[in-house]
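2 protein chains.
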Amino acid sequence: MNSISEKYRLLKEISGSHSPSLNSIKEKIPELKINVDACFLSNPYATELFLEYFKREMLDTNEIYSVLEFYPSQNKIIANYVEKQLNIDSGHIFICNGAIEAIQAVIHRYSKGKMVVILPTFSSYYEYATNECEVVYYTLDKTNNFKLDVDDYIESVKKIRPNTIVLINPNNPDGGYVSQNEINKIIEELYWVENIIIDESFIHFAYEDDDFTMKSIVSNVLKKENVIVIKSMSKDFGIAGLRCGYAVMSKERVEDLLRNGYLWNSNGIAEYFFQLYSRNDFFERYEIVRKKYINESKLFFDNLLRIDNIKIYPSRANFVLIELLNGLLAEEVSAKLLCDFGVYVRNCNDKIGLNGEFIRVAARSSHENKIILKALEDVTQIN
Amino acid sequence: MNSISEKYRLLKEISGSHSPSLNSIKEKIPELKINVDACFLSNPYATELFLEYFKREMLDTNEIYSVLEFYPSQNKIIANYVEKQLNIDSGHIFICNGAIEAIQAVIHRYSKGKMVVILPTFSSYYEYATNECEVVYYTLDKTNNFKLDVDDYIESVKKIRPNTIVLINPNNPDGGYVSQNEINKIIEELYWVENIIIDESFIHFAYEDDDFTMKSIVSNVLKKENVIVIKSMSKDFGIAGLRCGYAVMSKERVEDLLRNGYLWNSNGIAEYFFQLYSRNDFFERYEIVRKKYINESKLFFDNLLRIDNIKIYPSRANFVLIELLNGLLAEEVSAKLLCDFGVYVRNCNDKIGLNGEFIRVAARSSHENKIILKALEDVTQIN
Numbered sequence: 001m002n003s004i005s006e007k008y009r010l011l012k013e014i015s016g017s018h019s020p021s022l023n024s025i026k027e028k029i030p031e032l033k034i035n036v037d038a039c040f041l042s043n044p045y046a047t048e049l050f051l052e053y054f055k056r057e058m059l060d061t062n063e064i065y066s067v068l069e070f071y072p073s074q075n076k077i078i079a080n081y082v083e084k085q086l087n088i089d090s091g092h093i094f095i096c097n098g099a100i101e102a103i104q105a106v107i108h109r110y111s112k113g114k115m116v117v118i119l120p121t122f123s124s125y126y127e128y129a130t131n132e133c134e135v136v137y138y139t140l141d142k143t144n145n146f147k148l149d150v151d152d153y154i155e156s157v158k159k160i161r162p163n164t165i166v167l168i169n170p171n172n173p174d175g176g177y178v179s180q181n182e183i184n185k186i187i188e189e190l191y192w193v194e195n196i197i198i199d200e201s202f203i204h205f206a207y208e209d210d211d212f213t214m215k216s217i218v219s220n221v222l223k224k225e226n227v228i229v230i231k232s233m234s235k236d237f238g239i240a241g242l243r244c245g246y247a248v249m250s251k252e253r254v255e256d257l258l259r260n261g262y263l264w265n266s267n268g269i270a271e272y273f274f275q276l277y278s279r280n281d282f283f284e285r286y287e288i289v290r291k292k293y294i295n296e297s298k299l300f301f302d303n304l305l306r307i308d309n310i311k312i313y314p315s316r317a318n319f320v321l322i323e324l325l326n327g328l329l330a331e332e333v334s335a336k337l338l339c340d341f342g343v344y345v346r347n348c349n350d351k352i353g354l355n356g357e358f359i360r361v362a363a364r365s366s367h368e369n370k371i372i373l374k375a376l377e378d379v380t381q382i383n
Numbered sequence: 001m002n003s004i005s006e007k008y009r010l011l012k013e014i015s016g017s018h019s020p021s022l023n024s025i026k027e028k029i030p031e032l033k034i035n036v037d038a039c040f041l042s043n044p045y046a047t048e049l050f051l052e053y054f055k056r057e058m059l060d061t062n063e064i065y066s067v068l069e070f071y072p073s074q075n076k077i078i079a080n081y082v083e084k085q086l087n088i089d090s091g092h093i094f095i096c097n098g099a100i101e102a103i104q105a106v107i108h109r110y111s112k113g114k115m116v117v118i119l120p121t122f123s124s125y126y127e128y129a130t131n132e133c134e135v136v137y138y139t140l141d142k143t144n145n146f147k148l149d150v151d152d153y154i155e156s157v158k159k160i161r162p163n164t165i166v167l168i169n170p171n172n173p174d175g176g177y178v179s180q181n182e183i184n185k186i187i188e189e190l191y192w193v194e195n196i197i198i199d200e201s202f203i204h205f206a207y208e209d210d211d212f213t214m215k216s217i218v219s220n221v222l223k224k225e226n227v228i229v230i231k232s233m234s235k236d237f238g239i240a241g242l243r244c245g246y247a248v249m250s251k252e253r254v255e256d257l258l259r260n261g262y263l264w265n266s267n268g269i270a271e272y273f274f275q276l277y278s279r280n281d282f283f284e285r286y287e288i289v290r291k292k293y294i295n296e297s298k299l300f301f302d303n304l305l306r307i308d309n310i311k312i313y314p315s316r317a318n319f320v321l322i323e324l325l326n327g328l329l330a331e332e333v334s335a336k337l338l339c340d341f342g343v344y345v346r347n348c349n350d351k352i353g354l355n356g357e358f359i360r361v362a363a364r365s366s367h368e369n370k371i372i373l374k375a376l377e378d379v380t381q382i383n
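Residue numbers (our numbering), protein chains in the order written: chain A, 1 to 383; chain B, 1 to 383.
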């Protein structure tokens, strides 16, 4: 047991500020049996739906073989599928090899000067800053449940006068949500910021009404030259292995990025996914599993509230940030969950801006959520 | 027929200086039946070999589903597989989403000042130059069969005093080969050039002896801080849809590139391929199909020599550059090949540095080579 947890510690060390992937764990610690990957933020029902189509249209037809053999289409051609689904003008979409490629492209190319990053955050946003960019942190208040105080944020940004601001909505790792009206207010008031990056990678899990309607700001910002919306498809569609993402920005910026790069950055299966994404038959069924997953996640978060010695922070994403209380340590709790129960969660010790002991736990299928609940209940008991 | 060729012309127009992919053609011109894709530079026997493993290890086991659902490993972990196969120290490998990502990364980051590019060439090398980089061309002589005159090249580079030189070996689109001794001479004499980029994407098809031994310079240049070897896996392994490539460079440069980028730039199937690539059972079988393909390609090139009204330039790659003589036009010949015979070849009209009418034709399986031969014989007849 100790040797497993030691091997995991080493693997984590070489993975830096991100968690080792399931593949890497399987490869390096084959004796470890993972039952539930609650580190991984994705909708398992959407994965099932994608795989159903993939099996029928790619495997059963042997089409998969051509898709692997031949060159995929160029960036602009794949962008057409996204434009069709989002019902927007051609030229606003930059297709990327996972949202992280868009983060890299945008920050490397446009973030020169100060960049305001809200803490806690997804670490790539500050890690990808180049020497020409100075990261300034705006830290969310734990005592305010990591809720963004929009007016205070706007005032702070006005004082800092940055070139770039980054807002992940819902935020990772706490799941805090900023309403569409508030986002619009931020964009209006901070109109002079050259790059307003809104990361909507978890927006499919957020809602403002009982019908769980999606609340993306994409259509509101097409005319704002300074707004860039970044979107991962890995979480909502449960397809991290495909590396699919896109960013919505002005046509000039898309042209600028494509002028000398990013020509063939999608693989053949990613291209198939984007085609699928543009199809109504697929999207209608996706909407059903999206809402089913939100429903079950809400129930899971409610059940977590009953466990002693932990605090659950409010989330509109598909994960919750959990603070460990009464002397429980994140490293110990996550190691026990992994080694004793095969439940893989995110130890947040390396997350800057978090003061205390925190883990992040993803919602999975209702069956897996029960396993997580039971395991967490066990390891957080204090005798 | 005219409408097909018109549709193709439009598709080509939006594809810029590259050919439309087979996927794009299928999507936009469904009525067009392509029998042989001789635009696409890859070893079909290697594709078959990969797909055999892929079917057994990914499809039959259902492992494919996990590979698509979960995050692939990080760059450095996948690099270990390549290091193992190349038998080199850890830290020299930069994994990329197709070789074109390495071209972009290296040129954007390191090519500041003059860059000498040999013409004709793969267009991305000059297209990816940024504003900080001035491209200077060194044009190969058609009357010398596009053979690089190494001494003249070295003298020219000494006069130009560039920051970067690019050498594709064998060269694309002519297939001209520079021997390992000559490459070493270039590297020795031009030791002061900050970035010597050697693109070995077609090196698996080149040979200097009757046994077709591979002649990569990777092991000779590990201690040269200024040499960067770029390698596509799409051609030799026949897996363009996977987007697999790597670059070999100094550990400092790999660290520098990974410091704020390129973290998760491989998809799950690309990771599987790199694992396979590191395995001896796979590699031994690959060597057999590599040599079989070289043998058949040689035969194909010899047979092409018998066709009238064209000139075949000597090639050690898996394609030949063909000059059309006696008034034949590249646009007409390639359109006829496509529309009348379903044979897709590369019309080289957009290749700079080519003075005349040229098409590039890839070697395929021996069966497909016969179809190409017959079609080409037909469309180059002059009545």
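Just so you know, the hints here were simulated from the structure itself, not pulled from any lab data.
Note that the structure is predicted; figures quoted are calculated from it, not measured.
Just to be clear, a hint being listed does not mean it is correct.
No copy is singled out in the list; a pair is fine if it fits within one copy or between any two copies.
Said to hold, decoys possible - With a straight-line Cα cutoff of 27 Å, these simulated DSS-like cross-link-like pairs (lysine-lysine) come out:
no., residue 1, residue 2
1, K142, K84
2, K26, K55
3, K291, K336
4, K336, K114
5, K84, K28
6, K12, K298
7, K28, K251
8, K142, K7
9, K374, K224
10, K114, K147
(request) Please work out whether the CA atoms of K12 and K298 approach to 27 Å or closer within one copy, between two copies, in both situations, or in neither? (result) neither (30 Å within a copy, 50 Å between copies)
(message) At most 27 Å between alpha carbons: which applies to K28 and K251, within, between, both or neither?
(response) between (44 Å within a copy, 23 Å between copies)
(message) Cα distance capped at 27 Å. Does K291 pair with K336 within a copy, between copies, both, or neither?
(response) neither (32 Å within a copy, 53 Å between copies)
(message) My question is about K142 and K84: at a cut-off of 27 Å on alpha-carbon distance, are they close within one copy, between copies, both, or neither?
(response) So K142 and K84 fail the 27 Å test inside a copy (41 Å) and across (47 Å) alike.
(message) With identical chains, the pair K26 and K55 could be close in the same copy or across copies; at 27 Å between alpha carbons, which is it: within, between, both, or neither?
(response) Answer is both; intra-copy 25 Å and inter-copy 21 Å each pass.
(request) Indicate which option fits the pair K336, K114 if close means a Cα-Cα distance not exceeding 27 Å: within, between, both or neither. (result) Classified as neither: same-chain Cα gap 41 Å, cross-chain 57 Å, threshold 27 Å.
(message) Please sort K84 with K28 into within, between, both or neither, judging by C-alpha distance up to 27 Å.
(response) between (42 Å within a copy, 16 Å between copies)
(request) Measure nothing new, just compare the shortest in-copy and cross-copy C-alpha distances for K374 and K224 to 27 Å and report within, between, both or neither. (result) Neither. Shortest intra-copy (48 Å) and inter-copy (56 Å) distances fail the 27 Å Cα cut-off.
(message) At most 27 Å between alpha carbons: which applies to K142 and K7, within, between, both or neither?
(response) neither (33 Å within a copy, 59 Å between copies)
(request) At 27 Å max between alpha carbons, let me know whether K114 reaches K147 within a copy, between copies, both or neither. (result) within (23 Å within a copy, 51 Å between copies)
Going down the numbered hints, you'll see the structure goes against 1, 3, 4, 6, 8, 9, while the others check out.
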